[in-house]
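> As a plain string of letters, each chain reads:
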Amino acid sequence: MSLLLLLGALTLVVGAAPVMTAYQGGVGSSYNEYDCGGSCHTKVSTATVSMTASNTTLTPGASVTVSVTVTGGQAGSIMGVILVTTLSPVPESLPSAKGWTIISDPSNSASTFNYHEVSNYAGSGTYAWTLTAPQTNDAYQLYARAMHGGGGQAFAANCEAGISFIVGTSGTLTGPVVAIISPIAGETVDGSIIVSASIPSSVPLAYAVLRIDGVERENKTATPFSWTLNTEELSDGEHVINVTAVDSGGHVGYKQVSFTVDNAAANTLMLNWVWTMAAGSIAIIAIVSVMMVVALLIRRRIAGGAK
Amino acid sequence: MIDMSAWHALTAELHAGFLTMSFVCIMAVALAQIAVRLRRWMPKILVSWAVKTRGYFEAAGLVGAVLGILGLLLSAWTGMYAWPYDVLINDPIVRNKIMLSAFATVMWTGVVFIRSRFGRGLWTCSPMAALYVALTFVSFGLLGTTGSMGAHITKGGSAMDPIWNFVGFEVTSDLILNSNIAALVAIVSMGALVLSLFVAKRYDLFQVKLEAATCQRLFKWDEPRIEYEMPAKK
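In order, the protein sequences belong to chains A and B.
In terms of the numbering used here, the first sequence has 37 at position 27, counting the first letter as 1, and numbering is strictly consecutive.
In terms of the numbering used here, the second sequence has 89 at position 71, counting the first letter as 1, and numbering is strictly consecutive.
Watch out, some of these pointers could steer you wrong.
[To be verified] Label pairs and their in silico Cβ distance ranges: (1) 185/B with 206/A: 44 to 52 Å; (2) 24/B with 244/A: 33 to 41 Å; (3) 174/B with 236/A: 19 to 27 Å; (4) 174/B with 106/A: 34 to 42 Å; (5) 225/A with 103/B: 22 to 30 Å; (6) 192/A with 185/B: 15 to 23 Å; (7) 42/B with 198/A: 44 to 52 Å.
The hints are simulated quantities; they were obtained by calculation from the structure and are not laboratory data.
Quick caveat, the model's predicted, so the values are computed rather than measured.
Every residue gets a Cβ at the ideal spot worked out from N, C-alpha and C, and that includes glycine.
All chains should be modelled from the sequences, with the hints used to inform the complete structure.
Structure follows, in structure tokens:
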């Protein structure tokens, strides 16, 4: 009997373990780094994570609300959402490490945790934190990560784009100064374009990241800081290019410009071009044929009907 | 590995060279024909030179045109790799150059067709000879225009710019029709083509053989044969 009870208890523990341990097997906490801690979520989740902020240009110490929306993933299970300053598995990814102070977390209680967990995830949800900005003028970045279990596996999805914040005025930033050379702000583009940035810096640059509409495209660690962008991957309309540079001292600088994609006009142009080429070629053949016939008819008249 | 733009430059030189040779030869034949036709009023040495050379020029004109068309096709092929699609779509001069090159290829093919269909005998029929020379002239002009556009692409300007400025032609502006108008042009052209074929059939023009005996009432042209004997005075 005791053996049966033991087996039953083991089965319960083994079967429930992946579901119960969404992140460090825990509840909301304020000490969760990006790194995996007690329960590594190594499987890529089908969930999508996006972020919005009430304001991205802040004065030092100003409050801002950051909302993290998770859609998809394993409904009915535990879902954990974490707010961090980097998506690298390194220490000091806590918002407090960069000078942020969490005033309130999504639990609507007095807690100020960077990690929030819901026990019965409905398939989508939005989780809001209110923070005060760092006191040092600089550019800052916040990211979010969602973690959940399911089918005996531990899944995670990141908001790779994160959100960029400027604290203070750009003139007093300590990070590298980024200038986007092409495309120029407001330019209408089509096809493949080169996104080119100039990032002069007295301190060696660690990397520069290209983001389109907040979605990270490519990370470069060396010059030239230029990227080829196929605009046909984007919808026609206005988009935002963001180039964020981080120097070896961890200082962040960024620049973003809006541009407009209009591939429909380019496709129409190409269609008209092909039509014109085809019509022109047919017209030339027709003109030459008609003139040959005319020449032969004149010759027939000159020659008095001789063949 | 040689860059494809180098191959394109090479094939462009090739077709430009052959077609220029063809143009020069055909124009030389036209002048020689006139000199021979008007031999009573021409210096004897000029007439003698025309008689001796026109046959060779005539053949060289055809050979140059055929090789030039092959060069044009090669240029189109190498150009496709030298100019990526994105550059093509974004540069109106490149689009114009490709389009006019296509037109030039069709026109030079017309030159070769006329010469191949009617042989040297076409020179005995003044209307056909005039068409042959005029088509060669326009085809060469079109080739020169594409060359000028190529110079704009690679050098930012061309020696023909004063001419373009004079006639008010802007090489950087798109020479593109609206697709509806282009379709109308194509339909009308096809109609004209069918009509010309119908007329040719109606008047039995497909069987025509051009030679001195069949087309001599107005202008007494003779064939530019390869020969050394001075034709007898008529």
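> Each of the hints needs a verdict: does it hold here or not?
How the hints compare with the structure:
| no. | hint | in the structure |
| --- | --- | --- |
| 1 | 185/B with 206/A: 44 to 52 Å | 38 Å, violated |
| 2 | 24/B with 244/A: 33 to 41 Å | 35 Å, holds |
| 3 | 174/B with 236/A: 19 to 27 Å | 23 Å, holds |
| 4 | 174/B with 106/A: 34 to 42 Å | 58 Å, violated |
| 5 | 225/A with 103/B: 22 to 30 Å | 25 Å, holds |
| 6 | 192/A with 185/B: 15 to 23 Å | 35 Å, violated |
| 7 | 42/B with 198/A: 44 to 52 Å | 47 Å, holds |
Violation of the numbered hints given earlier is confined to hints 1, 4 and 6; the remaining hints are satisfied by the structure.
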